[in-house]
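Chain by chain, the residues:
Protein chains: 2
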Amino acid sequence: MDFKTIAFDVMGSDNGINPALEASIQLLKEKKDLKIIFVGNEEEIKKTLTKLKFSSDRIEFLNTTQSIEMTDGILEFRRKKDSSMVRAIELVKEGKADAVTTGGATAPYIAACHFIIKELEGVDRPAFMPVIPTIIKNKVTLLLDVGANLECTPKDLKNFALMASAYSKIVNDIKNPLVGLLNIGEEKSKGLELHREAYKVLSDSKQISFYGNIEPRYITSGIVDVVVTDGYTGNVALKSAEGMGKNLLNEIKTALTKNIFRKLAALRLRKAFKEVSAKFDYKNHAGALLIGLNKIAFKSHGSSDKRSFYATLKMTYNAISNDVVNKLKEALKDE
Amino acid sequence: MDFKTIAFDVMGSDNGINPALEASIQLLKEKKDLKIIFVGNEEEIKKTLTKLKFSSDRIEFLNTTQSIEMTDGILEFRRKKDSSMVRAIELVKEGKADAVTTGGATAPYIAACHFIIKELEGVDRPAFMPVIPTIIKNKVTLLLDVGANLECTPKDLKNFALMASAYSKIVNDIKNPLVGLLNIGEEKSKGLELHREAYKVLSDSKQISFYGNIEPRYITSGIVDVVVTDGYTGNVALKSAEGMGKNLLNEIKTALTKNIFRKLAALRLRKAFKEVSAKFDYKNHAGALLIGLNKIAFKSHGSSDKRSFYATLKMTYNAISNDVVNKLKEALKDE
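Top to bottom, those sequences are chains A and B. The opening position of the first sequence corresponds to residue 1 in full-length UniProt numbering, with each subsequent residue numbered one higher. The opening position of the second sequence corresponds to residue 1 in full-length UniProt numbering, with each subsequent residue numbered one higher.
Since the hints were made in silico from the structure, they are not lab data. It cannot be assumed that every hint is accurate.
[As the list claims (entries may be wrong)] Keeping only pairs whose Cα atoms sit at most 25 Å apart, straight-line, the calculated DSS-like set for lysine-lysine is: (1) A:K246 x A:K258; (2) B:K271 x B:K258; (3) A:K246 x B:K190; (4) A:K253 x B:K137; (5) A:K246 x B:K274; (6) A:K246 x B:K258; (7) A:K169 x A:K314; (8) A:K190 x B:K80; (9) A:K253 x B:K246; (10) B:K246 x A:K137; (11) B:K271 x A:K246; (12) B:K258 x A:K271; (13) B:K253 x A:K253; (14) B:K274 x A:K258; (15) B:K47 x B:K29; (16) A:K283 x B:K246; (17) A:K258 x B:K137; (18) A:K314 x A:K51; (19) B:K271 x A:K253; (20) B:K206 x B:K175; (21) B:K274 x A:K263; (22) B:K333 x B:K169; (23) A:K329 x A:K118; (24) A:K279 x B:K279; (25) B:K246 x A:K271; (26) A:K274 x B:K263; (27) A:K246 x B:K246; (28) B:K29 x B:K53; (29) B:K263 x A:K137; (30) B:K258 x A:K137; (31) B:K96 x B:K81; (32) A:K175 x A:K327.
For clarity, every value in this text was computed on a predicted model and none was experimentally measured.
Start from the sequences and build out the full structure, keeping to the hints where you can.
Structure follows, in C-alpha cells:
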C-alpha cells in the first residue's frame, strides 16, 4: 500500500497534546493509508495514547527534547535543533514524511520551513494561505499572503496567483479559478505602486483568470476563488474580518440570552444559528498551507482544538493525495 | 443668536436630494440655532422642500450649475468651478458657513478641501476619520486615516493621534483617550519600518496616552478610543470588517427566514436583533470628519439615506458647537 505520511509536531500549541492526538486518531481511523509520525515528547505522547486507548501500526514516534514556544523569536529554531518543530520539518526534508503539520508558533515555523525545506524554483518566498469561508454554499476563497512576507513584489503576487490557482483546481475542484487582487477600489489605477504594477502583471498572464481588483468587503462574498495581496495587508484584512465576525456573534449571543423569554425563543432557532456558525466557523478552516515550498507544510491555529487539528490534518492528507507540490511546480513552469 | 451654519452640498450622492433634505428638516426642527445653506440646483431643492411642506428663515440657497459625479476624477473639481461641492467648500473658506458636509464623491472632496481650505499649521495632510461602533455600550473608536493618504509618515501618524485625542476629549467626552497603533501584532518590533518608527514617536509624546500596538481584530472591541494607521491599511481594515459584518448579518437573516416556524420564533426576538444592529449599524455612524483642515469638513456615505445624513449633520453641528478646529490647533501647539 502506498502510504501517506504526515510528520506531526504535537508540541507547542496552546491546548497541550491531547487535541492533536485525538484528531490524529479520528483521521487514522478514517484513512487506512494514512501514517502519522508523532514528533515531540515520546513518553508523554505514548501515555496519552494509552489513556485514549489507541494503538496502531500506522503510527511512529520521534522523541525530541526541546520545543519552540509561542514566545520564541523567529530564529530560535536555529538554537533549538532538537525541537519537535525542527525535527518534524527535517523528516519531510529527508523524505521520511510526505508533509509536516504543526499548531506551534507561526513565525519560527515559516522561517524554519524556508531554511530547511526551501522554495520551489522561481519562487522567492512562500506564502501563508488560509481558506476563507464565503456566503456561497460550499465555496471557499484562498487568501494569500496573510503574513509570511510583509512586503511583496508584483512578481511575488503573480507567483501566489499561479500557485493558488493550481491548488484551487486540484484540491477545490474549480475548473477555472478566478483571481482577484486585493485593493481599496475596483479601478485599475487604485492603490499603491505595487497594486498598479501587479494589476498589469496579472492581466498579462495567460495562465491566470484575472478578475481585477477586489475590495476587502467582498473577500467573504465568494466572487473570486483566490485573493492575492502582500502579507501585511492580507493579515490586516483577515484579522479585521475575524474580529468583526467574533464580536458580532458574541453580541448576538448576549442579546439572545438576556432574559428567559428570549432564551426560549432562541432555543427554537438553534438549528438556524448552527447553520450560520458552521459556515463561518474558522475551526473547520483552521489549516493554512505554506505554499511555494518544495514540500507540503501546513499550520493549524495555535489555539486549535480537536476539530481544528482534524480539519488541518485532513487538508494535509488531501494535499498529499493530490500530489500538490508537483502540480504547483508544473503550474509555475507553464508560465 | 449665535447661529451655527452648515454649507450642505446636496447633489452628487446616490439617492438624489430627497434624503439630504429630509435629514436637514429634522435637524433644523431640533436645533433652533442651526442654519443650513443648501448648495446645488436651487429650483430642484425648492421644489422638493415645497413637496415636503417645509419652509424656514434658517435656510438659504446657493444655486450651482454643475455637480461632481461619483465617476469624476480626483481633480475634476478644478474644472467644475461651479459645482455644488466646490461652492459649498468655498462658503466655509470665505467664512460664510462654519462647516461643510457632502454625500458626494470622496476623492475629489478630499482634494478640493485640501486645495481650498488647506491644512492646520504643522499638519501635512488631513485624515479621513470615521467613528467605529464597538461592543462596549456607548463606546466608539475613532479610526484614522482610512483613505485620505494611502502612504503616511510616523509624523503624520503622530499628528493623527494628537488631533483624534483632542476630538475624543471634546466631542466624545473621554478624559484621557487611549491611542492604539494598528499593527499585525502587539510586540513593538512588529510590522513594517513605518510601524516601528511610529511606535517610538507615539511612545515619546507626552500629550498622547499610547496603548501600544493594537491588532485589527480588536478595532471593534472598545479597548482604545483612537486607532491610528496609514490610509491604505485603515481602508482595508474598515472595509474588511464592514464586509464581514454585512455578510454575517445577511446569512443570519436568510437562516432565520428559511421557513414559517423559524420566522415566527425570530419575530419574538425582533427587539434583540434590533439592539445588536443598532449598535453595529453604520447608518448611525455614517459621517467621517476630514480632520486636520483649517475648517470643519464632513463626509457622509455616498449611499446615505435620511438617517445617515441626519447622523452626519448632527456630527457636523456638534463639531461646530464644540469649536473643534480651534481646539485641534491648541492640541497641536502643545506638542
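Evaluated hints:
The hinted pair formed by K246 of chain A and K258 of chain A meets the criterion: a straight-line CA distance of about 18 Å does not exceed 25 Å. Restraint check: the Cα-Cα separation between K271 of chain B and K258 of chain B comes to about 19 Å, which is no more than 25 Å; the hinted pair holds. Straight-line distance between C-alpha atoms of K246 of chain A and K190 of chain B comes to about 24 Å, which keeps the hinted pair within the 25 Å bound. Restraint check: the Cα-Cα separation between K253 of chain A and K137 of chain B comes to about 15 Å, which is no more than 25 Å; the hinted pair holds.
Of the pairs offered as hints, the one joining K246 of chain A and K274 of chain B holds, with about 18 Å between alpha carbons and a cut-off of 25 Å not exceeded. Annotation: proposed proximity of K246 of chain A to K258 of chain B holds, straight-line Cα distance about 23 Å (limit 25 Å). A hinted pair counts as satisfied when its Cα atoms are at most 25 Å apart, and K169 of chain A with K314 of chain A qualifies at roughly 18 Å. Our distance criterion of 25 Å between C-alpha atoms is met by K190 of chain A and K80 of chain B, whose separation comes to about 23 Å.
Of the supplied pair hints, the one linking K253 of chain A and K246 of chain B holds, its CA atoms being roughly 17 Å apart against a limit of 25 Å. Distance hint between K246 of chain B and K137 of chain A is fulfilled; the C-alpha atoms sit about 17 Å from each other, no more than 25 Å. Restraint check for K271 of chain B and K246 of chain A: the C-alpha separation of about 21 Å stays at or below 25 Å, so the hint holds. A distance of roughly 11 Å separates the Cα atoms of K258 of chain B and K271 of chain A; the hinted pair therefore holds under the 25 Å criterion.
For the hint pairing K253 of chain B with K253 of chain A, the CA-to-CA distance comes to about 15 Å; that is within 25 Å, so the pair holds. Taking the CA atoms of K274 of chain B and K258 of chain A, the gap is near 13 Å; set against the 25 Å cutoff, the hint holds. The suggested pairing of K47 of chain B with K29 of chain B holds, with an alpha-carbon distance near 19 Å, which does not exceed 25 Å. The suggested pairing of K283 of chain A with K246 of chain B holds, with an alpha-carbon distance near 21 Å, which does not exceed 25 Å.
For the hint pairing K258 of chain A with K137 of chain B, the CA-to-CA distance comes to about 15 Å; that is within 25 Å, so the pair holds. Under the criterion of a C-alpha separation no larger than 25 Å, the hint pairing K314 of chain A with K51 of chain A is consistent with the structure, at around 24 Å. Of the supplied pair hints, the one linking K271 of chain B and K253 of chain A holds, its CA atoms being roughly 13 Å apart against a limit of 25 Å. A threshold of 25 Å between alpha carbons decides the hint, and for K206 of chain B with K175 of chain B the separation of about 15 Å falls inside it, so the pair holds.
About 16 Å separates the Cα atoms of K274 of chain B and K263 of chain A, which keeps this hinted pair within 25 Å; it holds. Taking the CA atoms of K333 of chain B and K169 of chain B, the gap is about 16 Å. The hint holds against a cut of 25 Å. In summary, the hint linking K329 of chain A to K118 of chain A is supported, as the alpha carbons are separated by about 13 Å, within the 25 Å threshold. Among the hinted pairs, K279 of chain A with K279 of chain B is consistent with the structure: their alpha-carbon atoms are about 24 Å apart, no more than 25 Å.
For a cut-off of 25 Å, the pair hint linking K246 of chain B to K271 of chain A stands: about 21 Å separates their Cα positions. Restraint check: the Cα-Cα separation between K274 of chain A and K263 of chain B comes to about 16 Å, which is no more than 25 Å; the hinted pair holds. At roughly 13 Å between alpha-carbon atoms, K246 of chain A and K246 of chain B fall within 25 Å of each other, so this suggested pair holds. Using a Cα cut-off of 25 Å, the hinted pair K29 of chain B and K53 of chain B holds, with the two alpha carbons roughly 13 Å apart.
Of the pairs offered as hints, the one joining K263 of chain B and K137 of chain A holds, with about 21 Å between alpha carbons and a cut-off of 25 Å not exceeded. Between K258 of chain B and K137 of chain A the alpha-carbon distance is near 15 Å, which keeps this suggested pair within the 25 Å criterion. Pair hint K96 of chain B plus K81 of chain B holds up; C-alpha atoms about 18 Å apart against a cutoff of 25 Å. Distance hint between K175 of chain A and K327 of chain A is fulfilled; the C-alpha atoms sit about 15 Å from each other, no more than 25 Å.
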